[in-house]
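Protein chains: 2
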Amino acid sequence: MTASRDADGPVEPAPETGALADPAYREAVVDLLAAITYGEISAFDRLAEDSLLAPTLEDKLAVARMAAVELGHVDLLQARIAELGADPHAALAPFRAAVDRFHEHTAPADWWESLVKAYVGDGLAADFYREIAAYLDPRTRDVVIASLADTGHSDFVVDRVQAAIAEDHRLGGRLALWGRRLMGEALTQAQRVAAERDALTALLAGGVDRPALDLAAIGRMFARITELHAERMAKLGLDS
Amino acid sequence: MTASRDADGPVEPAPETGALADPAYREAVVDLLAAITYGEISAFDRLAEDSLLAPTLEDKLAVARMAAVELGHVDLLQARIAELGADPHAALAPFRAAVDRFHEHTAPADWWESLVKAYVGDGLAADFYREIAAYLDPRTRDVVIASLADTGHSDFVVDRVQAAIAEDHRLGGRLALWGRRLMGEALTQAQRVAAERDALTALLAGGVDRPALDLAAIGRMFARITELHAERMAKLGLDS
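In the order they appear, the protein sequences are chains X and L.
Under UniProt numbering, think of the first position of the first sequence as 1, with each following residue one higher.
Under UniProt numbering, think of the first position of the second sequence as 1, with each following residue one higher.
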């Protein structure tokens with residue numbers, strides 16, 4: 001089994017009790033963890049690249065640290081994928097296209113777009129995964145929640161963006177549009193993944209030991225995510 | 001004072017006793033810490049960039065982790081620069097040209113050159129700074145030594161390079177030349193820094209409370225560094 005290569009000893013398989021006894025649930029959880037993992041790896045790449053555009057060394061380090069934090073979550077996520085009996089590298093493959101396309105379609109035109117993307121994109125992903133986490137077995141839930149911690153590095157984005165739009169109001173208008181585009185592209189790619197990965201989508205429909213999420217509940221979930229997005233934009237000083 | 005922005009509270013200045021009472025010594029130590037810091041930031045940039053060229057996701061993650069480790073040392077180094085009363089961002093400026101030039105002159109042509117550069121370049125810098133550390137006050141020495149830990153991530157370079165040259169002997173010849181070029185360029189840029197930064201150079205000449213390093217001792221130091229470089233190349237399976 002390839003999985004064991006990434007741990008110090010052989011991987012202890014997760015006990016097949018409760019929800020984990022359901023193969024469809026395990027498959028869905030591996031998919032979810034893999035999507036988050038590839039998202040974090042890809043965020044590392046983009047943030048490291050963006051950090052090269054920083055106007056000062058201080059800003060550069062702030063963004064580079066955000067990149068390192070994303071990468072720091074990867075080990076934990078991959079360890080859980082291995083515990084669930086899947087290959088922690090191969091499992092990521094189905095999510096590359098959607099995540100890569102998201103980044104292709106939202107390539108920042110300048111430093112300010114990079115900052116807003118880092119803050120808004122990371123926030124959106126975290127809100128979404130935090131909602132899903134409520135439907136997971138406790139151990140997987142803990143891993144997902146731990147992987148969403150941003151350790152406060154993105155606070156500096158708020159300072160920088162607020163200061164920049166106070167100086168240049170047209171920038172505020174452009175970045176508000178940019179925030180909408182990020183949200184739209186995130187939804188497009190999430191739908192694409194949902195359409196292609198049946199097990200993952202079925203996760204939200206419940207199963208053994210797990211509550212189901214009906215259409216009304218899914219609607220409320222998206223309403224909460226949209227609201228949090230608007231709060232985040234407002235914190236930056238941007239209309240949403 | 002800008003220095004205090006990077007700490008949680010006001011920066012506690014280092015006590016001005018022993019070697020630290022000598023302003024020339026403090027200046028030299030700030031220079032040394034700044035050179036190491038800018039080297040690590042720059043290594044982060046290059047490794048993050050190189051990780052995009054990796055042939056597999058596993059290799060990509062290994063190199064991205066090496067990048068994150070380099071960045072992880074920056075806080076500790078900058079905190080010590082601030083303790084010594086200098087601005088931890090501005091102090092780095094005099095070392096940008098030499099470090100940037102090193103990287104411009106040693107831009108890897110492919111993945112294998114990236115791997116060898118990561119391993120040999122990092123090793124050379126660590127050996128050099130470890131030698132210098134013997135001449136520092138204990139607190140600064142601890143910071144420098146801690147910043148050189150690579151936490152074993154580069155072991156994978158040895159595996160990968162050995163396997164690649166076993167398959168393709170011409171690659172071994174090319175990478176052996178590449179290792180010599182890395183050494184040559186590192187010496188060129190180190191000499192450039194030595195010529196421009198008098199305090200740093202004077203550090204090796206000793207002073208209050210500190211042993212002097214005579215020319216014979218400097219010669220022995222370079223002999224040890226060259227020997228360690230040769231051992232590292234041999235470990236990769238390359239002539240030096």
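Take these hints with a grain of salt, some might be off.
Remember, identical chains collapse to one label, so a pair may be satisfied in a single copy or spanning two.
[What the hints assert, rightly or not] Each computed EDC-like pair below joins lysine to aspartate or glutamate, with the alpha-carbon atoms no more than 20 Å apart:
1. Lys235 to Asp22
2. Lys235 to Asp87
3. Lys60 to Asp159
4. Lys235 to Asp142
5. Lys235 to Asp168
6. Lys60 to Glu49
7. Lys235 to Asp45
8. Lys60 to Asp155
9. Lys235 to Glu49
10. Lys60 to Glu27
11. Lys60 to Asp150
12. Lys60 to Asp142
13. Lys235 to Glu167
14. Lys60 to Asp87
Because the hints were derived from the structure by calculation, they are not lab data.
### Broken hints, by number
Per hint list: 1, 2, 4, 7, 9, 10 and 12 violated.
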